[in-house]
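Hey, can you work out the whole structure from these sequences and the hints?
Number of protein chains: 2
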Amino acid sequence: MKILEDRIRRDGRVRDGGVLKVDGFLNHQMDIALFSDMGKEFYRIFGDRRVNKILTIEASGIGIACLTAQQFGCPVVFAKKTQTKNISGEVYTTSVRSFTHDRVYDIIVSKEFLTPADRVLIIDDFLANGCALMGLVRLVRDAGAQLVGAGIAVEKAFQPGGELIRGMGVEVASLARIKAMDPVRGVEFC
Amino acid sequence: MKILEDRIRRDGRVRDGGVLKVDGFLNHQMDIALFSDMGKEFYRIFGDRRVNKILTIEASGIGIACLTAQQFGCPVVFAKKTQTKNISGEVYTTSVRSFTHDRVYDIIVSKEFLTPADRVLIIDDFLANGCALMGLVRLVRDAGAQLVGAGIAVEKAFQPGGELIRGMGVEVASLARIKAMDPVRGVEFC
Numbered sequence: 668m669k670i671l672e673d674r675i676r677r678d679g680r681v682r683d684g685g686v687l688k689v690d691g692f693l694n695h696q697m698d699i700a701l702f703s704d705m706g707k708e709f710y711r712i713f714g715d716r717r718v719n720k721i722l723t724i725e726a727s728g729i730g731i732a733c734l735t736a737q738q739f740g741c742p743v744v745f746a747k748k749t750q751t752k753n754i755s756g757e758v759y760t761t762s763v764r765s766f767t768h769d770r771v772y773d774i775i776v777s778k779e780f781l782t783p784a785d786r787v788l789i790i791d792d793f794l795a796n797g798c799a800l801m802g803l804v805r806l807v808r809d810a811g812a813q814l815v816g817a818g819i820a821v822e823k824a825f826q827p828g829g830e831l832i833r834g835m836g837v838e839v840a841s842l843a844r845i846k847a848m849d850p851v852r853g854v855e856f857c
Numbered sequence: 668m669k670i671l672e673d674r675i676r677r678d679g680r681v682r683d684g685g686v687l688k689v690d691g692f693l694n695h696q697m698d699i700a701l702f703s704d705m706g707k708e709f710y711r712i713f714g715d716r717r718v719n720k721i722l723t724i725e726a727s728g729i730g731i732a733c734l735t736a737q738q739f740g741c742p743v744v745f746a747k748k749t750q751t752k753n754i755s756g757e758v759y760t761t762s763v764r765s766f767t768h769d770r771v772y773d774i775i776v777s778k779e780f781l782t783p784a785d786r787v788l789i790i791d792d793f794l795a796n797g798c799a800l801m802g803l804v805r806l807v808r809d810a811g812a813q814l815v816g817a818g819i820a821v822e823k824a825f826q827p828g829g830e831l832i833r834g835m836g837v838e839v840a841s842l843a844r845i846k847a848m849d850p851v852r853g854v855e856f857c
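Protein sequence lines correspond, in order, to chains A and B. Count the first sequence with our numbering and you get residues 668 to 857, in order. Count the second sequence with our numbering and you get residues 668 to 857, in order.
A hint or two may mislead.
Stated by the list, open to error - The calculated DSSO-like cross-link candidates involving lysine-lysine, where the alpha carbons are at most 27 Å apart (straight line), are:
| no. | chain 1 | residue 1 | chain 2 | residue 2 |
| --- | --- | --- | --- | --- |
| 1 | B | Lys688 | B | Lys669 |
| 2 | A | Lys707 | A | Lys688 |
| 3 | B | Lys707 | A | Lys707 |
| 4 | B | Lys688 | A | Lys778 |
| 5 | B | Lys846 | B | Lys707 |
| 6 | A | Lys846 | A | Lys707 |
| 7 | B | Lys846 | B | Lys669 |
| 8 | B | Lys748 | A | Lys748 |
| 9 | A | Lys688 | A | Lys748 |
| 10 | A | Lys846 | A | Lys688 |
| 11 | A | Lys688 | B | Lys778 |
| 12 | B | Lys707 | B | Lys688 |
| 13 | A | Lys688 | A | Lys669 |
| 14 | A | Lys688 | B | Lys748 |
| 15 | A | Lys778 | A | Lys748 |
| 16 | B | Lys707 | B | Lys669 |
| 17 | B | Lys688 | B | Lys846 |
| 18 | B | Lys669 | A | Lys748 |
Unchecked claim - Derived, one-sided and incomplete: chain B residues facing chain A with beta-carbon distance under 10 Å:
| no. | residue |
| --- | --- |
| 19 | Ala736 |
| 20 | Phe739 |
| 21 | Val744 |
| 22 | Ser762 |
| 23 | Val763 |
| 24 | Ser777 |
Hints in this document: simulated from the structure, not taken from any laboratory. Where is the CB? At the ideal position from N, CA and C, for every residue including glycine.
Structure, rendered in structure tokens:
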């Protein structure tokens, strides 16, 4: 998606250690007009697939998910991160490893809001190692819901997540796929 | 706001201990069409006040903030919760007590995204004890930004937060103000 790639080139900053800072428009300050355009693009890709629910994960996926859901005319469910195992049986839960924060946390979704009747599009801001996305895929499968696909804003295609998850048979559509990046040379897209 | 009150009456559940469950449409599964109507109502109230930034706090404020920002044509900044003090000087930070989770956490906003040039509308889903909202007010004031007001979805008017924050001179507009609630009798609005 050209406008997102252009925006990353203009306002993104590459830091040492494979960090891409896009907090001016994507995951701290959020450009809602851009998110709306991204939602339209996800609808162009997945709009004929009878999606009735968008699933995302707190916190930075929520904004993009909401503007995408507006296109699909459906609700958003966001998985919550928790460090305490919920054993009440009222939720689907799975463990996710965070490389960024070097820890493992559980994510949960209430069983009430993810059911076999649902046709789910997962939306998230980043795909790198794929741990969060894989956790969301597990929640959808545990619920017996139909997974339509995953819409990602920025995929670091030089990290293994995208290949892993596509290898599981999940249709992943990333609006900007980064082939390589470097603090000096900047970002190169696929 | 009648449609929000009606929705709370229909789909909200009052639990013991002053807990109102609205996770079917507000803070776990999110009704985007309802959020858009709420955004229009906030615009009706604050639309002539030259708001150029919406400030909220992760995670459940983000959806309402995004749909409200769409009405105002401005970006959203969400304060991040963290348990590790950031001492780099690049952020505004303040401590917030959570009664729900019985702990204290820090919230941070990058100095880059909150400046004296900003006219800020705070948006959040709940106002009860007012700790989170007061933290956001402090961040706005620390930044030297102009605080236009605060738009809240659901205010528990029987708890002290609303009175405290209005007493600080902040204009608070709550779309549903709960006077009393009880698992048997349900919700009574102001």
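A quick look at each hint next to the structure:
1. Taking the CA atoms of Lys688 of chain B and Lys669 of chain B, the gap is near 18 Å; set against the 27 Å cutoff, the hint holds.
2. For a cut-off of 27 Å, the pair hint linking Lys707 of chain A to Lys688 of chain A stands: about 24 Å separates their Cα positions.
3. For the given pair, Lys707 of chain B sits about 21 Å from Lys707 of chain A by alpha-carbon distance, which is consistent with the 27 Å threshold.
4. Proposed proximity of Lys688 of chain B and Lys778 of chain A is supported: the alpha carbons are some 15 Å apart, at most 27 Å.
5. At most 27 Å may separate the alpha-carbon atoms for a hinted pair to count; Lys846 of chain B and Lys707 of chain B meet this at roughly 24 Å.
6. For the proposed pair Lys846 of chain A and Lys707 of chain A, the alpha carbon gap of about 24 Å is at most 27 Å, so the pair holds.
7. The hinted pair formed by Lys846 of chain B and Lys669 of chain B meets the criterion: a straight-line CA distance of about 15 Å does not exceed 27 Å.
8. Taking the CA atoms of Lys748 of chain B and Lys748 of chain A, the gap is about 12 Å. The hint holds against a cut of 27 Å.
9. Restraint check: the Cα-Cα separation between Lys688 of chain A and Lys748 of chain A comes to about 22 Å, which is no more than 27 Å; the hinted pair holds.
10. Taken as a hint, the Lys846 of chain A and Lys688 of chain A pair is honoured in the structure, with Cα atoms around 16 Å apart against an allowance of 27 Å.
11. Straight-line distance between C-alpha atoms of Lys688 of chain A and Lys778 of chain B comes to about 15 Å, which keeps the hinted pair within the 27 Å bound.
12. Between Lys707 of chain B and Lys688 of chain B the alpha-carbon distance is near 24 Å, which keeps this suggested pair within the 27 Å criterion.
13. This hinted pair checks out: Lys688 of chain A and Lys669 of chain A have alpha carbons roughly 18 Å apart, not beyond 27 Å.
14. With a C-alpha separation of about 18 Å, the suggested pair Lys688 of chain A and Lys748 of chain B falls inside the 27 Å cut-off, and the hint holds.
15. For the hint pairing Lys778 of chain A with Lys748 of chain A, the CA-to-CA distance comes to about 15 Å; that is within 27 Å, so the pair holds.
16. In summary, the hint linking Lys707 of chain B to Lys669 of chain B is supported, as the alpha carbons are separated by about 13 Å, within the 27 Å threshold.
17. For the given pair, Lys688 of chain B sits about 16 Å from Lys846 of chain B by alpha-carbon distance, which is consistent with the 27 Å threshold.
18. For the proposed pair Lys669 of chain B and Lys748 of chain A, the alpha carbon gap of about 32 Å is over 27 Å, so the pair is violated.
19. Using the Cβ-Cβ criterion of 10 Å, the hint placing Ala736 of chain B at the interface with chain A is satisfied: the shortest such distance is roughly 5 Å.
20. Satisfaction of the interface hint for Phe739 of chain B is found here, the shortest Cβ-Cβ separation to chain A being roughly 9 Å, below the 10 Å cut-off.
21. Hint status for Val744 of chain B relative to chain A: holds, with the closest Cβ pair at about 5 Å, below 10 Å.
22. For Ser762 of chain B, the interface hint is violated, the least distance from its beta-carbon to any beta-carbon of chain A being 19 Å, above 10 Å.
23. The interface hint given for Val763 of chain B is violated, since its Cβ lies 15 Å from the closest Cβ of chain A, which is over the 10 Å cut-off.
24. Residue-level restraint check for Ser777 of chain B holds (minimum Cβ-Cβ distance to chain A is 6 Å; threshold 10 Å).
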